[in-house]
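**Student:** The chain contents come next:
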Amino acid sequence: MSLIEIPVGPQHPALHEPILLRVRADGERVVGIQVVTGYNHRGVEKLGERSTWSKDVFLYSRICGICNTVHAQTYTQGVEAIGGIEVPPRAQYLRTLVMELERIHSHILICAVMAEVVGFDSLFMLMMRDREPVMMLKELVTGNRVIADYYVLGGVRRDLDEVKKDKILKVLEGVEARVKYYKKIFMEDYTITKRLLGVGVIKPSEAVAYSLVGPTLRGSGVKSDVRADDPYAAYGEIPFNVVTYSDGDSLSRMLVRLDETLESIEMIRYIIKHLPEGPIAPKTPIRTLHEGEAFSRVEAPRGELIYHIVSKGGDKPYRVKVRTPSFNNIINGVIAYRDARIADVPVILTSFDPCISCTERILVIDERNGSTKVLSLKDLSRWGK
Amino acid sequence: MGLKLLTEVLSNVFKRASTIEYPKQPSLALKEHRGQQYADLSKCVGCSLCAVECPSNAITMASLPVKLKHNPRSIYPVIDYGKCIFCYRCVDVCPVKAYVITNYFEIASDRPGNSSELSLNTIPK
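Protein chains in written order, with the working numbering: chain A, 1 to 385; chain B, 1 to 125.
Just so you know, the hints here were simulated from the structure itself, not pulled from any lab data.
Some hints here could point you the wrong way.
[Claimed, not checked] Between beta-carbon pairs, the in silico distance windows are:
1. B:Glu117 - A:Val146: 42 to 50 angstroms
2. B:Glu117 - A:Ser371: 36 to 44 angstroms
3. B:Pro95 - A:Val146: 25 to 33 angstroms
4. A:Arg50 - B:Val9: 49 to 57 angstroms
5. B:Ile101 - A:Leu3: 58 to 66 angstroms
6. A:Ser205 - B:Val9: 37 to 45 angstroms
[To be verified] Using 25 angstroms as the maximum straight-line C-alpha spacing, the simulated SDA-like pairs for lysine to any residue come out as follows:
7. B:Lys83 - A:Arg62
8. A:Lys55 - B:Gly82
9. B:Lys125 - B:Cys47
10. A:Lys170 - B:Asn12
Each residue gets a CB set at the ideal place from its N, CA and C atoms; glycine is no exception.
Please take these sequences and the hints and turn them into a complete structure.
**Tutor:** This is the structure we're talking about:
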């Protein structure tokens, strides 16, 4: 029987962002899959070279909506390393607090999306309802529900008072009970287990060989978390467990996320109890840096996020290279689709927590001879006409 | 096994809806929310620092229709709300704290909007 090719995307009911999966199928069975990105490219890396160090904090926050504070953390961390800028301990704790709030709402979101993709819409609606208080907490601490803009070079922009601390603790109590309930649903409900259990299995050796990161890697039983391996911000002082599940299927990837949400809630309680006193930002704003280079990594909700920042002195960055976790997980995750059924393709993609806007790069690869080339701006504009 | 969520769904039938009828009922933004901001011209000295520091180049300096003593260059910042990303960089860098901050977010419009009118209303009589 001849193979048929089915395009999933770029516009598809199961996908929330534009990406094209060219599925080659033999009947119901998936034989091969090709991932095509490039529908969301915005040229952020290039744009950053025109702007100044301090303005770029806001630009790089906007690479990804959901994980905006981790992008800001990775960027400021790198810039602070080049400039030798000391961040006050209170600011480090507040940064960690906001990153963990973000992890909670990001993980609840993708679990809700997974419920929607498997056709369990009432669970989707309930989870989105219970995510709302966490968004409110983020607004309370930072000033906005999604794009926090909480960072400046050398510190944070807003302080936390006692009223807000009490409010956070009170709301998180409710959220914790709900997340525990949803974990039970994910482990026991027939609709969920039928669609997720044993679907898209990645062996630990493959997960490492294909350099998958984040909950996708930990879902295959590999204990790897930048927060524990290479502590940044205040993570070196906060106790937490690295969650792993050994099955390597879509369900264990989702359970890693739900368990991490519970860990994050505990971490926020610890942060609020042990928040040090002191300033939250340097008195004089930082405008220029000397020559230098920094390699900065952070555990985003989706995995390890890497920035490579090069400074040639002055007030502008020379080059900022971003490697997002979704780039590895979506492109190299194609190994998980083999022998899956066509109906499982969106489920497996969702189990990687795909963030398409993070993934976009312009790199043309000729499939026939395997050569690659990077396009210049001139080529791009000619292409766009 | 079975329908774990059924009791939860049934109990929600008898509860109040968790959504609100938005245009009829006001949507709640916290007072911490970064909403519409504009320059208070009774304080603004026309230094243009906000226009220089704006990450999205949304602020342009326009000339004042009247002469003010504390504003020697007679210019004031106009924020293009279509371009503004509401990061409040302008509010932070202002040396005289001239920006008025609100949590008002319902500024979507079919016409291009800017802060000119709001700012000009603050000119001391």
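**Student:** Indicate, hint by hint, whether the structure satisfies it.
**Tutor:** Here is how each hint holds up against the structure:
no.: 1; hint: B:Glu117 - A:Val146: 42 to 50 angstroms; verdict: violated (29 angstroms)
no.: 2; hint: B:Glu117 - A:Ser371: 36 to 44 angstroms; verdict: violated (58 angstroms)
no.: 3; hint: B:Pro95 - A:Val146: 25 to 33 angstroms; verdict: holds (30 angstroms)
no.: 4; hint: A:Arg50 - B:Val9: 49 to 57 angstroms; verdict: holds (52 angstroms)
no.: 5; hint: B:Ile101 - A:Leu3: 58 to 66 angstroms; verdict: holds (60 angstroms)
no.: 6; hint: A:Ser205 - B:Val9: 37 to 45 angstroms; verdict: holds (42 angstroms)
no.: 7; hint: B:Lys83 - A:Arg62; verdict: holds (14 angstroms)
no.: 8; hint: A:Lys55 - B:Gly82; verdict: holds (18 angstroms)
no.: 9; hint: B:Lys125 - B:Cys47; verdict: holds (22 angstroms)
no.: 10; hint: A:Lys170 - B:Asn12; verdict: holds (22 angstroms)
In summary, the structure is inconsistent with hints 1 and 2 from the numbered list given earlier, while agreeing with the others.
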